[in-house]
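Novice: Protein chains in written order, with our numbering: chain A, 3 to 277; chain B, 3 to 277.
If you're looking for bench data, these hints aren't it; they were derived computationally from the structure.
Just to be clear, a hint being listed does not mean it is correct.
Pairs involving identical chains hold if they fit within one copy or between any two copies, as the list cannot separate such chains.
[Claimed, not checked] Listed next, the in silico EDC-like pairs over lysine to aspartate or glutamate satisfying Cα-Cα at most 16 Å (straight line):
id: 1; residue 1: K220; residue 2: E142
id: 2; residue 1: K177; residue 2: E165
id: 3; residue 1: K133; residue 2: E110
id: 4; residue 1: K244; residue 2: D119
id: 5; residue 1: K163; residue 2: D119
Protein chains: 2
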Amino acid sequence: MKIELASSYGFCFGVKRAIKIAENAKDAATIGPLIHNNEEINRLRQNFNVKTLEGIDELTDEKKAIIRTHGITKSDLEQLNKSGINVIDATCPFVTKPQQICEKMSNEGYDIVIFGDENHPEIKGVKSYAKGNVYVVLEEDELKNVKLNQRVAVISQTTKKIEKFMQIVSFLMLKVKEVRVFNTICNATFENQEAVDALSKRADVMIIIGGKNSSNTKQLYSIAKQNCTDSYLIENETELNKIWFNNKDLCGISAGASTPDWIIQKVIDKIENFN
Amino acid sequence: MKIELASSYGFCFGVKRAIKIAENAKDAATIGPLIHNNEEINRLRQNFNVKTLEGIDELTDEKKAIIRTHGITKSDLEQLNKSGINVIDATCPFVTKPQQICEKMSNEGYDIVIFGDENHPEIKGVKSYAKGNVYVVLEEDELKNVKLNQRVAVISQTTKKIEKFMQIVSFLMLKVKEVRVFNTICNATFENQEAVDALSKRADVMIIIGGKNSSNTKQLYSIAKQNCTDSYLIENETELNKIWFNNKDLCGISAGASTPDWIIQKVIDKIENFN
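My request is simple: use the sequences and hints to build the entire structure.
Specialist: Right, here's the structure in full:
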């Protein structure tokens, strides 16, 4: 069986940057998991004494607080800044952008529509920058009975699929006079999605490696699954099952933006041993 | 055979307003046909001595110039205003709006994309208000090789179909970071289109009455044709053919936004006489 990696996969710019920041910070605490990958977070704790707190309430005598790649809410940031702690911002710049857009458009009187998961930390952060009406939706239907302002600004979670974003925009075009669309889906997301789409059309079995709470990983898995029935989402090599690879010619592999190369390598090594 | 009018059809607000303006103006000249309906223009000439010029170059000793519903170019308007003639503006307010948007967005540094017919007077007028890059397209493919600014404002001809407009916006979302969409398709267009869609699904034969150079009439005809093979576009009752109505149970009728009721009535009378 041949093993082939997608032409684009794994660590994105924002994750690489955040890990470097955390490694340099040492002895710091992150507010929420720095990235959506438990194994990499364990590595940072073991090697750099970077611990993970659930929220700012858990801060006690830490000297440095790292803001996770997904960002935090505006009020949490203000509270941190007031507390006198050394705040190290590892928010992905592609997430800072929608936060800024949300604040600016809201100040200009636009209603804000965010295409994303209400419970995802990135979206909690972005949403907190709106001072007026803000609606977080995954489906255009959720806006059906909403009385919107005639000027609406639309933002997407950085890791969403463009097709659904287009549908939501089309729906809004029917409802309001001005739809100001900011395509805040990040390029790495685009590229990883396109690569997994192409590879999964050819592969007999697809392995997607990434955190099960990672939005971009779940998107990759859903794209792979559409093209290749035998697609599996795993966090690490221990979840692999030899039976998946029986009578397969091509095994495609991709990984979410928070998945470090060393985990991908362990997965490849184990699959090769099955052969 | 039953004859049924679409639930919304014919004269729109802008056309009614323009005709009233022309009737009150008397002895004036319009720059280009006031509306896209030759018969109504003949009536205005005969009853109110309102003549139709091809362009401002044809003006000689007229005292009053009427601007047509579709508007004129910015430079023509400036020249008219300078000439000292009494300028009477019958531009539909729903056309003035995209002109203003085009000018404002262009001043703010946006590239402008107009979904419309390059040769339609409305679009010539709207386009003339852009001072920077402006692209008039009917299909998203026409933008494939265009190097666009990362901020694009999109406007539609008032009489276009929303579905294609959505496709163009979706395409732009893939190309640029900000797509500022102004849905400038007018409500009357929407309503007439929806009504013809519903009626033509039930009718056995559809008659669409309107100018053959009228954009909104052509859209109505194309919608009717999709649902009902036996659809016909006519300018007046002389074009009717008795054979179209043989063995039909339901004849649906609609008319473009420039079609006066008296023409529609003549058509109905003649079809009734076929029965």
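Novice: If a hint holds in the structure, say so; if it doesn't, say that too.
Specialist: Outcome of the hint check:
1. K220 with E142: Answer is neither: 20 Å inside a copy and 31 Å across each miss the 16 Å cutoff.
2. K177 with E165: Answer is between: at 14 Å across copies they meet the 16 Å cutoff, but 19 Å inside does not.
3. K133 with E110: Only inside one copy: K133 and E110 sit 10 Å apart there, 25 Å across copies, limit 16 Å.
4. K244 with D119: The answer is neither: 34 Å in one copy and 60 Å across copies each exceed 16 Å.
5. K163 with D119: This pair counts as within: shortest intra-copy Cα distance 12 Å, inter-copy 32 Å.
Violated hints for the displayed structure, listed by number in ascending order: 1 and 4.
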